[in-house]
Amino acid sequence: MADRQEKQGASMAAPDFIDTPQGRRIAYHMTAGAGPTVVFCGGFKSDMEGTKAIHLEDWAKATGRAFLRFDYSGHGQSSENFLDGCIGDWTNDAFEVVSALIPGDVVIVGSSMGGWIALNLMARFQLKIAGFVGIAAAPDFTEDSMWAGFTPEQRDELAQNEQLALPSEYSDEPYIITKKLIEDGRENLVLRTPLTLDFPTRLLQGTADEDVPVSVAMRLLEHVEGDDIRLTLVKDADHRFSTPDCLKLIEASIEEVLARC
1 MADRQEKQGA SMAAPDFIDT PQGRRIAYHM TAGAGPTVVF CGGFKSDMEG
51 TKAIHLEDWA KATGRAFLRF DYSGHGQSSE NFLDGCIGDW TNDAFEVVSA
101 LIPGDVVIVG SSMGGWIALN LMARFQLKIA GFVGIAAAPD FTEDSMWAGF
151 TPEQRDELAQ NEQLALPSEY SDEPYIITKK LIEDGRENLV LRTPLTLDFP
201 TRLLQGTADE DVPVSVAMRL LEHVEGDDIR LTLVKDADHR FSTPDCLKLI
251 EASIEEVLAR C
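For the sequence shown, UniProt numbering gives the first residue as 1, with consecutive numbering after it.
Because the hints were derived from the structure by calculation, they are not lab data.
Treat the hints with care, since some could be wrong.
Unchecked claim - Here are the computed lysine-lysine pairs in the DSSO-like style, where the Cα-Cα straight-line distance is at most 30 Å:
id	residue 1	residue 2
1	K128	K61
2	K248	K235
3	K248	K128
4	K61	K248
To be verified - Computed spacing ranges between beta-carbons, pair by pair:
id	residue 1	residue 2	range
5	S79	V214	33 to 43 Å
6	A159	T63	47 to 57 Å
7	Q154	G104	39 to 49 Å
8	E255	A159	13 to 23 Å
9	D236	D58	24 to 34 Å
10	S168	R219	35 to 45 Å
11	C261	D156	42 to 52 Å
12	T63	R230	15 to 25 Å
13	T193	A13	33 to 43 Å
14	K128	T193	17 to 27 Å
15	C261	A159	21 to 31 Å
16	G104	T151	44 to 54 Å
17	F125	Q154	31 to 41 Å
Glycine included, C-beta positions come from ideal geometry on N, C-alpha and C.
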């Protein structure tokens, strides 16, 4: 469920850091501007230097909007080892960064796993959330995609070795899934209990996404409750969702949510 991304290369400035109560050092870039602050939550094994994060920072600077992008622990320039992390840790990272840096309302933009992180934040913490934009949001993927897709032999290997190596579409190195990731994921599922999104919510999904199929977006749409929730399907868009037209749609969706806050 890695978030396919392309490196933009436009951000050369060194990040700032915040130390969390859990002892992790989280890298971030904060753009000053008008609130509500737009917060970008990236995907699994992604980082804040990806195309969408950098594009939205440029958009925020051009429009005078406050914007935050950051790396979860074990990702990008933050501390810790990726294999030691899990959904609960990365949710806590997001909460600590947002609560420490942003005193007012936030609009969260969650890409792939970042969509699950965002929904987990909404379910667990009392953040001042004014809106949500999900891009190929992937709630509960460790259970419904990874675990559900494992063979009995793979499940046995994971239980015995506490790790499972899978072929990766993104590099020559194998894709390591840990027992901790799967077990912790079960403690953070958001599609098994009622979830109300009482703020403007826009879900964006490509029909050619091979990592997060349209069925996931439909299930999320049917599960959540709220008066202002819309799903937009983009024919032939893949999981990157980073073509010029897709980036414009993300901008437009954020602006629509901001206008309705």
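Here is what the structure says about each hint:
no. : hint                    : verdict
1   : K128 / K61              : holds, 22 Å
2   : K248 / K235             : holds, 15 Å
3   : K248 / K128             : holds, 26 Å
4   : K61 / K248              : holds, 15 Å
5   : S79 / V214: 33 to 43 Å  : holds, 36 Å
6   : A159 / T63: 47 to 57 Å  : holds, 50 Å
7   : Q154 / G104: 39 to 49 Å : holds, 45 Å
8   : E255 / A159: 13 to 23 Å : violated, 47 Å
9   : D236 / D58: 24 to 34 Å  : holds, 25 Å
10  : S168 / R219: 35 to 45 Å : violated, 26 Å
11  : C261 / D156: 42 to 52 Å : holds, 49 Å
12  : T63 / R230: 15 to 25 Å  : holds, 22 Å
13  : T193 / A13: 33 to 43 Å  : holds, 41 Å
14  : K128 / T193: 17 to 27 Å : holds, 22 Å
15  : C261 / A159: 21 to 31 Å : violated, 46 Å
16  : G104 / T151: 44 to 54 Å : holds, 48 Å
17  : F125 / Q154: 31 to 41 Å : holds, 34 Å
Taken one by one, the earlier hints fail for this structure at numbers 8, 10, 15, listed in ascending order.
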